[in-house]
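Residue numbers (the working numbering), protein chains in the order written: chain A, 1 to 95; chain H, 1 to 484.
There could be a bad hint or two in this list.
Keeping only pairs whose Cα atoms sit at most 35 Å apart, straight-line, the calculated DSBU-like set for lysine-lysine is [stated by the list, open to error]:
#	chain 1	residue 1	chain 2	residue 2
1	A	K10	H	K91
2	H	K242	H	K286
3	H	K377	A	K10
4	H	K242	A	K10
The set of hints was computed from the structure by calculation and includes no laboratory data.
Residues per chain, in single letters:
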Amino acid sequence: MSLTTEDVRKVARLARLAMNEAEIDAARSQLSGIFELIAEMQAVDTRNIAPMSHAQDVSQRLRADVVTAQNEREAFQAIAPQVEAGLYLVPQVIE
Amino acid sequence: MINASLKQLSAALAEKKISSVELTQLYLDRIAALNPTLNAFVTLDAERSLAQAKAADAMLAAGHAQPLTGIPLAQKDIFCATGWRTTCGSKMLENFIAPYDAHVIQQFNQAGAVNLGKTNMDEFAMGSSNETSYFGAVRNPWNTNAVPGGSSGGAASAVAARLCAAATGTDTGGSIRQPAALCGISGIKPTYGTVSRYGMIAFASSLDQAGPMARSAEDCALMLNVMTGFDERDSTSLQREKEDYTRDLNQPLAGLRIGLPKEFFAAGLDNDVAECVQAAIAEYQKLGAVVVDISLPNSRLAVPVYYVLAPAEASSNLSRFDGVRYGYRAPDYTDLTDMYEKSRAQGFGAEVKRRIMIGTYVLSHGYYDAYYLQAQKIRRLIAQDFAAAFTQCDVIMGPTSPSTAFNLGEKGDDPVQMYLSDIYTIAVNLAGLPGMSIPAGFGKNGLPVGLQLIGDYFKEAQMLNAAHQYQQATDWHQRAPQHI
Numbered sequence: 001m002s003l004t005t006e007d008v009r010k011v012a013r014l015a016r017l018a019m020n021e022a023e024i025d026a027a028r029s030q031l032s033g034i035f036e037l038i039a040e041m042q043a044v045d046t047r048n049i050a051p052m053s054h055a056q057d058v059s060q061r062l063r064a065d066v067v068t069a070q071n072e073r074e075a076f077q078a079i080a081p082q083v084e085a086g087l088y089l090v091p092q093v094i095e
Numbered sequence: 001m002i003n004a005s006l007k008q009l010s011a012a013l014a015e016k017k018i019s020s021v022e023l024t025q026l027y028l029d030r031i032a033a034l035n036p037t038l039n040a041f042v043t044l045d046a047e048r049s050l051a052q053a054k055a056a057d058a059m060l061a062a063g064h065a066q067p068l069t070g071i072p073l074a075q076k077d078i079f080c081a082t083g084w085r086t087t088c089g090s091k092m093l094e095n096f097i098a099p100y101d102a103h104v105i106q107q108f109n110q111a112g113a114v115n116l117g118k119t120n121m122d123e124f125a126m127g128s129s130n131e132t133s134y135f136g137a138v139r140n141p142w143n144t145n146a147v148p149g150g151s152s153g154g155a156a157s158a159v160a161a162r163l164c165a166a167a168t169g170t171d172t173g174g175s176i177r178q179p180a181a182l183c184g185i186s187g188i189k190p191t192y193g194t195v196s197r198y199g200m201i202a203f204a205s206s207l208d209q210a211g212p213m214a215r216s217a218e219d220c221a222l223m224l225n226v227m228t229g230f231d232e233r234d235s236t237s238l239q240r241e242k243e244d245y246t247r248d249l250n251q252p253l254a255g256l257r258i259g260l261p262k263e264f265f266a267a268g269l270d271n272d273v274a275e276c277v278q279a280a281i282a283e284y285q286k287l288g289a290v291v292v293d294i295s296l297p298n299s300r301l302a303v304p305v306y307y308v309l310a311p312a313e314a315s316s317n318l319s320r321f322d323g324v325r326y327g328y329r330a331p332d333y334t335d336l337t338d339m340y341e342k343s344r345a346q347g348f349g350a351e352v353k354r355r356i357m358i359g360t361y362v363l364s365h366g367y368y369d370a371y372y373l374q375a376q377k378i379r380r381l382i383a384q385d386f387a388a389a390f391t392q393c394d395v396i397m398g399p400t401s402p403s404t405a406f407n408l409g410e411k412g413d414d415p416v417q418m419y420l421s422d423i424y425t426i427a428v429n430l431a432g433l434p435g436m437s438i439p440a441g442f443g444k445n446g447l448p449v450g451l452q453l454i455g456d457y458f459k460e461a462q463m464l465n466a467a468h469q470y471q472q473a474t475d476w477h478q479r480a481p482q483h484i
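Make a model of the complete structure from these sequences and hints.
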């Protein structure tokens, strides 16, 4: 299977990865090679096979609905790129 | 001392033949001398390591020692450790100081083990050669032109070069077993859910599993005793009784049924690797094991299935790196979307971006059924193959990797060639089974060959028994690289 430049551009946008034209071109050829490898799957008859999403057939464990985490705002914000007055700073999103 | 087993080190510490501070300093000196060549460690903090050693010496003096108290270990840089820089091999986390401990780190701290430093790895554990690390490639101590394997390449190189007593690794598609094979050490990936993933930076959550990398099966068993155990903070951690993985090490192997999957000995396997594996099987037969021919007909599909599922999970897991709460943020941007796109483009390396792109594509509208769902269905077929095989045998054996270590740069720009070096390990992660690699000789280029052992769910003690008995009868695991 071979991807088009437009496919790659769309995926890069969905993945929030900035790419220039040269990078898109390189990605297109490498991804096409990988999808050729993946295509081997398509010929397999999987009718009546249930998808396996997890290694163990166990159900999700639930816990009591009580607060367990402590407030560690200072420790967590100490490693943030930009904070002010306890808030994370990002470019303005609402006019 | 550097060739001593964990048990011997523990005894030496208990008998005051050496202190933990002295032992830690000995390893720090070796790291200072050899790490400039090997690049196995990305972060060292001698002050912190020696403070832990001092505390361990106090535990020993007070008679509160546990089996690993005072023993210097290397931690893969995927585990968060409070106060330690934790990079996951990425520019994205170049300056990330972990604000908390991973469960694995907590367990080692409680056991009184010493953290010698953080080991190099492929970026976000995505790679089979350690060449994708932002901090440079790791070198194989057996031949410094060769790769150590990946993604736990720093750990494997450090253990092989005697820069630590033992190390931790993680394995999503072979990242403990393949580097263990390529560096001539022992490593085990336990059953999925046995070791908590809390604080272990996520790659593909349904496949990621931590485990020990050490110089023998016995050392692996002692490490596993500390690493495993239920943790409520990992929703996939299994609620099981704590096991002693050393309990069966000395059992005889008479009657052990070894399954040999014909698919693991087909085209694509190097002759010298095949010869070593066959010689190891013959050794097992001398020890009383019997050989059964088995088939894993869907195993050839493991690589394609993995390269749908692992990137899909990775694209979701890595969406958290947005330059807002932690990690790299681009210096210049025009708006929020531009900030996300530039921070991620500049912070992630080529292989990580490639996998995020594959994952995003297979999960996108119109492709989900054809790729993601189809891969999950074949994943079940692969798991069913193993279930059928384990009705005929106790442990499956074969090569860990199709070749010995390849040279740096050898696989070049072709990701598919690199992906195929995990052809024998990936199916084990898809099924969630335990898998192990132990040294079984050397190829014609003088580089180590690994024998892979695959067990049924929760059969780690039996696999470690099989590995230990082989290591009592052979000395491949005691060989050390020259000039190291």
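Against the structure, the hints:
no. : hint            : verdict
1   : A:K10 / H:K91   : holds (25 Å)
2   : H:K242 / H:K286 : holds (33 Å)
3   : H:K377 / A:K10  : holds (27 Å)
4   : H:K242 / A:K10  : violated (48 Å)
Going down the numbered hints, you'll see the structure goes against just number 4.
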